[in-house]
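K.L.:
Modelling step: build the complete structure from the supplied sequences, incorporating the hints.
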Amino acid sequence: MSFGASGLAELGFARNHPHLFFVIPLSMPLIQSQQLQSDYDAVIVGSGAGGGQTAYTLTLAGMKCLILEAGRNYDPVTETAMFQREDQAPLLGAATPDKHFGFHDATVDGGWSVPGEPYTQASEKPEEQFAWWRARMLGGRTNHWGRISLRNGPYDFKPYSRDGLGFDWPIDYADVEPYYTKTELLVGVYGTNEGLENTPDSPPGVLLPPPKGRAAELLAQKHGRSLGVPILPIHRAVLTRALDADTIPAKLHPNNPRAQRLVAQSMRERAACFWATPCGRGCSIKANYQSTTVHLPPALASGNLDILPNAHVREVLVGKDGKAAGVLFIDKTTGAEMRVKGRVVVLAASSGETARILLNSKNAQFPQGVANSSGLVGRYIMDTVGANVSGQIPLLENLPPHNEDGAGGSHFYAPWWLYQQQKAGKLDFARGYHIEMGGSRKMPGSGSSVPEDLLGGAFGTPLKEAARRYYGSFVSFSCRGEMIPNEGSFAELDPEVKDQWGVPVMRWHWKWSDHELNMARHAQQTFSELIEAMGGTVRSRKQKDPRQIIEPGGKIIHEVGGALMGADPKKSVCNGWNQTWDVKNLFLCDASSFPSNADKNPTLTIMALAWRAADYILEQARKGDL
Amino acid sequence: MFDSTPSLSEPPRMSRRDLLQWFTAASAALALGQWTASADTAESTAKGYGTDPDLSKIYKPGDFWPLTLDEAQRKTVASLADVILPADHLGPAASAVGVPAFLDEWISAPYPHQKADRPVILDGLRWIDEESRRRFGKEFHAVSDAERHQICSDIAHAPAAKPELKAAVRFFSRFRALCSAAYFATPEGWKAIGYVGNVPTVTFDGPPPEVLARLGVEQTVQ
Ligand SMILES: Cc1cc2nc3c(=O)[nH]c(=O)nc-3n(C[C@H](O)[C@H](O)[C@H](O)COP(=O)(O)OP(=O)(O)OC[C@H]3O[C@@H](n4cnc5c(N)ncnc54)[C@H](O)[C@@H]3O)c2cc1C
Ligand code: SF4
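Going down the list, the protein sequences come from chains D and H. Be aware that the first sequence starts at -19, since it is given in the numbering used here, and climbs by one per residue. Be aware that the second sequence starts at -9, since it is given in the numbering used here, and climbs by one per residue.
The hints are simulated quantities; they were obtained by calculation from the structure and are not laboratory data. It is possible that some hints are incorrect.
Cβ pair distances, simulated, as ranges [said to hold, decoys possible]: (1) H:Ala148 / D:Pro374: 17 to 25 Å; (2) D:Pro380 / H:Ala148: 27 to 35 Å; (3) D:Leu398 / H:Ala106: 39 to 47 Å; (4) D:Glu377 / H:Pro109: 48 to 56 Å; (5) H:Pro109 / D:Tyr399: 49 to 57 Å; (6) H:Arg116 / D:Lys522: 35 to 43 Å; (7) H:Asp113 / D:Pro374: 36 to 44 Å; (8) H:Asp135 / D:Arg221: 50 to 58 Å; (9) H:Ala148 / D:Lys406: 41 to 49 Å.
Distance condition first, Cα-Cα at most 20 Å in a straight line; then the derived SDA-like pairs of lysine to any residue [to be verified]: (10) D:Lys202 / H:Asp107; (11) H:Lys156 / D:Gly437; (12) H:Lys156 / H:Asp107; (13) H:Lys47 / D:Thr58.
Beta carbons are placed, not taken as given, at the ideal position from N, Cα and C, and that holds for glycine.
P.N.:
Structure (structure tokens):
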């Protein structure tokens, strides 16, 4: 069962949302390896944000595409645990080594480790290691991601020009802006335009209305003001109202009536958020963005897309002409090695995995791996700087019960606010961070016991009273900050270890610079002040050593870089169109091309760049230039 | 714990130790030719639910791995759980909402955290029955409420407890934490603490006026 229909009916929900009861699963007509065509216009590796967007754009424009996806087929309409309570899951849904983010989380065969697909660390020191989160399912990590969707600002494309660190992008904000707008219109993003420095507004009418603030969020906002921290509505890919299927498709595909029709049809199948059920479980009513509910349905409906799941790509094949000829993959259902031809090859397997495929594609022309004449494949991998402080707020104790489920994730955040101080040289780190916050009366699960130090030994009725008193009174603030690419953070092939299909695996190296460490210390200080300004007490242990404050590399799951775009073929792997310098019909449409990792979470930018790259592929293909 | 409530949109909090353990265990195990979650499976050969369980179902204790407690142990668990979470104006007793079965599922699970709790709980249950026999001549479930309270009071508050009761204090603390988590995760428990969500609504209105007034804030999103 996907939701408690009786609960819905009680609320008159059926009356207001009659169509929800008739959502017919858009069956995903996936293929098996015997059904592969002999060749495709484009072979796309990976079906997450990058692969989904690329397939969407290419197929709606008429290109015959194949997606090879290492994971299994996955259908959010039937597989999502929507209204299940935590006491209906084993161990109250607690995180385990099988399900690292808890039982109901929409991750299949994944997490910090993937069965049969190891990765290794070059160093035994924890601070030099990288935690690599992967998912093996149709739609990849977009099924369970946090849906936070922030645009990079103009500064974020030119960081080197501003402070002499890292690299500039070969493109700027104006190049990407139209694609941010199109992506926001297609996936649906709530938020507000605030006119802040390097925190772009969207054109009027593009963003969906933001949800109302929750108690803790409003309290933090009020006290943030006194500290100069602007706590404002966040942007998330959740439909706070249904998308306008009558007007948006024409804006997205102006001269393509068929695409308009297919996109409109798919948009109409997406309901508005009904303000319950955490988004990390996925959304069976398609009210938030998942590749599986937004990108793949219209692409499949076009008739131009085949999807082969359980296909683990090992190499890009290169022809005598030096162009990509297709890919070699392992059909995981049989273990057989197979080849498929494509006139264009797109890798979108996530940064680390895209770099791995390139490095594993060794041949006479490319002894260091395809598209790696610069020797830079796998170099400059970045994550986000993470640091958390939690606190307890007496003012939030014993509040009258009220429903704070809201949009299944955060409603407020604080964009980076100290550009001027940084410019004036008053901070000991070069880049910014935004603040994400948690704290609400969320559904109780395995963690729902009052911390012992607050109990004073209570049991019996006093224990229940304490639980009622403290429920909803805890808040946490998280730093999401920009990491500057460095020589010590990269991945290479492990010379010995192979995965269960005999494919060499990645070996990680990690290093933080003082910029990241000092930022984490600054965040700890700021968050402590925020909690105290709210009248609360800090509960996290105050750490002096920033190495104890900063989260381990990879932990924030914003893995970007590894095949950077740039203006110089000797110093970068691809150009500003995500096109590799060495192989002109090979494109990298995930975050591997990012030369910097702004504090803004990467996924909206992945999608915007993938859409832009796909438009370029179409244009070049029309000209016969690929 | 409430205080580790993760930011809703981002990964749940996991201790640095857990994280490092999980991914190094995974890579190390692979070097030996197989992936296992934990090297130590001495207590139980049961398997977990795997990395791809059916999430659309509703589960109950015993669905994935065999349970441990015999009838006598269950009685002890139920009576202790009911001292900790009794029937009162805030709802029914723990044993009426399935807390003992949950505890059994927890200590029987083949995962590292649960395996670490297992001896603490099993030894503790044995201790509390012995202590009850020593003091009152009967097992814990058979003595009076007042007598149960007496034993619990001695081990409920670590700073006040006698040093020789250290192990029992540790047991009580884990037992209380597990039982209260289980209790408050049930619909009856939701009522007790005031969780009123998990119901679809047409609009989201934010906190009601009386909450805003108490906090001295205004709704800033219109
Ligand atoms: C819990 C969580 C919360 C997050 N929150 C946010 C957030 O709020 N905002 C944000 O911007 N980002 C967030 N992220 C990150 C976000 O999920 C990723 O940036 C995004 O999914 C990347 O898209 P992708 O297409 O590059 O990779 P993925 O979505 O990972 O998709 C890659 C796909 O490629 C497949 N694949 C891999 N290797 C192969 C191979 N060899 N052959 C064939 N297929 C292969 C994988 O199975 C996978 O399906 C979060 C991530 C997690 C896990
Ligand atoms: S909160 Fe809304 S968008 Fe998120 S899963 Fe629930 S219904 Fe879907």
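K.L.:
For every hint, state whether the structure bears it out.
P.N.:
Consistency of the hints with the structure:
1. H:Ala148 / D:Pro374: 17 to 25 Å: About 23 Å separates the Cβ atoms of Ala148 of chain H and Pro374 of chain D, which means 17 to 25 Å holds.
2. D:Pro380 / H:Ala148: 27 to 35 Å: 33 Å, holds
3. D:Leu398 / H:Ala106: 39 to 47 Å: This hint holds: roughly 43 Å between Cβ atoms.
4. D:Glu377 / H:Pro109: 48 to 56 Å: Violated, at about 36 Å.
5. H:Pro109 / D:Tyr399: 49 to 57 Å: 55 Å, holds
6. H:Arg116 / D:Lys522: 35 to 43 Å: Given about 40 Å between the Cβ atoms, the range holds.
7. H:Asp113 / D:Pro374: 36 to 44 Å: 37 Å, holds
8. H:Asp135 / D:Arg221: 50 to 58 Å: Holds - the Cβ-Cβ distance for Asp135 of chain H and Arg221 of chain D, about 55 Å, lies within 50 to 58 Å.
9. H:Ala148 / D:Lys406: 41 to 49 Å: 45 Å, holds
10. D:Lys202 / H:Asp107: 42 Å, violated
11. H:Lys156 / D:Gly437: Between Lys156 of chain H and Gly437 of chain D the Cα gap is close to 14 Å, so the pair holds against 20 Å.
12. H:Lys156 / H:Asp107: Holds, at roughly 16 Å.
13. H:Lys47 / D:Thr58: Roughly 11 Å separates the two Cα atoms, so the pair holds.
In summary, the structure is inconsistent with hints 4 and 10 from the numbered list given earlier, while agreeing with the others.
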